[in-house]
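Student: So you can see what is in the structure, the chains are spelled out below.
There are 2 protein chains.
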Amino acid sequence: MTDFDNETALESAGEGRWSGRVSGKWNIGDAPNGGYLVCIAMQAIRQLSPQHQDPLTVTAHYLRTGIPNAPCEVRAESLRVGRTVSTARATLSQEGKSRLEVLAGFGDLSQTGDEDAPSLQIPAPEMPTSDECPQRSAEEQGVALPLLERLDIRIHPDEVRAGSAGEAQVSGWIRLADGQSPDSLTAVLFADAFPPSVFGLLGNIGWVPTLELTVHVRRRPSPGWVLGQLHTRDLKDGRMVEDGYLWDSNGELLAQSRQIALLLPRS
Amino acid sequence: MTDFDNETALESAGEGRWSGRVSGKWNIGDAPNGGYLVCIAMQAIRQLSPQHQDPLTVTAHYLRTGIPNAPCEVRAESLRVGRTVSTARATLSQEGKSRLEVLAGFGDLSQTGDEDAPSLQIPAPEMPTSDECPQRSAEEQGVALPLLERLDIRIHPDEVRAGSAGEAQVSGWIRLADGQSPDSLTAVLFADAFPPSVFGLLGNIGWVPTLELTVHVRRRPSPGWVLGQLHTRDLKDGRMVEDGYLWDSNGELLAQSRQIALLLPRS
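One line per chain: the protein sequences are C and D, in this order.
Residues 1 to 267 (my numbering) make up the first sequence, in order.
Residues 1001 to 1267 (my numbering) make up the second sequence, in order.
Be careful, since some hints might not be right.
To be verified - No farther apart than 20 Å at their CA atoms in a straight line, the calculated lysine to aspartate or glutamate pairs in the EDC-like style are these:
(1) 1236/D to 252/C
(2) 1236/D to 116/C
(3) 1097/D to 252/C
(4) 97/C to 149/C
(5) 1025/D to 1149/D
(6) 236/C to 1073/D
(7) 1236/D to 115/C
Simulated from the structure, these hints should not be mistaken for laboratory data.
Please read these numbers as outputs of a predicted model, since none were measured by experiment.
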């Protein structure tokens, strides 16, 4: 069993209820990474519709910070099972308080369409190889990133130093550290694992808690490194919208993501 | 009372329950517009947190087609009431079946930040005036659009004919037909009221049912016309992701939207 599978595993605890454990291995500082928590919730949703294992669209609202190294409960409910999409919601709770609310539509991304049907794709940007990109710093703003023992993240050399990018953008490579191949679930994890793109422009200016994250997974990825690029073009009154794109090792678009986050001054 | 307020109004029907009516005046063909249905559900969410009346982020999953000229029930539940954000979910049902599931974070967009704080904004595109833009056709692909008696929608002259835009893009002006000023709720309606942008590239190739729509409202708009631009850069295996942007009459970004829709052949 891989680290990811092991640390997102759930056990049935009755109709629509599962129990699991939030690992401390996916932390940013003292808090579990948001994308990691969504993956735990998605493991429950996957069990509601065996024919639909891929998150076509998943939205997560972060209600309260998760607690690392502690048990969790997931309640999940199917809202509709359709031929092409199954819609479900899930709540992840710890210590009796809901931490995360998820609303998702799952489908089957192995069902590809007619080769001749119209298609459009966002092309991958030019990037130095993963060997040419330094690792994401294991400490940011004085906060340790245990997450980097689980995820191998390399940042574009021009964007690795906070405030050096000249725009609110971060680009890099990402893969699971233990060699597990990416899939449609870990795509959601990857979408929330890069440094906040606003640091590239403004430097390490503070804490960026995510209110809501939506990821659209567009295909099952080929094995190997995943390329990510995130940017923020919309920041107002301390609220920012960040867009992200992931491409698989064949250069095919794997996922699009968008999140709204607060930009809070460093305390 | 304006048409919009009247036709999205809800009456309390007990703890966490409201009753209303889905008008037939907001139809696309035989079905109520998706953005209109979200507005009915948001009226319930607004009553859960009086201090947070603006949808900072709202996600809607379309489970089943709504029924025009028929009663509806909305169940809504507060998930967390915070200082800056209140999170809630809502289900709109008709004839005992859920039609729409909404998950939203509401806040107070009248609370603006420090003038000197960093900000970024997506600029409005160049557009001919509303007078120079023809009205959205009241019939598309043989389907009538009663919606156009409620919404005044003008399309960029270069994009008004399906297949003529050269890219999957549509731009235009929008306002409520009865003269009601736009607000943060109608911004969500406007985000889902333009013709599918993929028609601009591919022509009237079929039916584009939305699976999920997420709108981030970024400010309370100034009175007057709202400018919208939507584009699709990502279409694969009959599933497309469409991005939209709205600007108010001062040229300030009002909202960002993204939806995933199916592209189904014309039957």
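Student: Each hint should be assessed against the structure and marked as holding or not.
Tutor: Results for each hint:
With a CA separation close to 11 Å, the supplied pair residue 1236/D and residue 252/C stays within the 20 Å bound. With a C-alpha separation of about 11 Å, the suggested pairing of residue 1236/D with residue 116/C holds against the 20 Å cut-off. With a C-alpha separation of about 38 Å, the suggested pair residue 1097/D and residue 252/C falls outside the 20 Å cut-off, and the hint is violated. Taken as a hint, the residue 97/C and residue 149/C pair is broken in the structure, with Cα atoms around 28 Å apart against an allowance of 20 Å.
Distance check on the hinted pair: residue 1025/D and residue 1149/D sit about 7 Å apart at the alpha-carbon level, within 20 Å; holds. Distance restraint check for residue 236/C and residue 1073/D: the Cα-Cα separation of roughly 36 Å exceeds the 20 Å cut-off, and the hinted pair is therefore not satisfied. Between the alpha carbons of residue 1236/D and residue 115/C the distance comes to roughly 10 Å, so the proposed pair stays at or under 20 Å and holds.
Hint check: violations occur at hints 3, 4 and 6; the rest are consistent with the structure.
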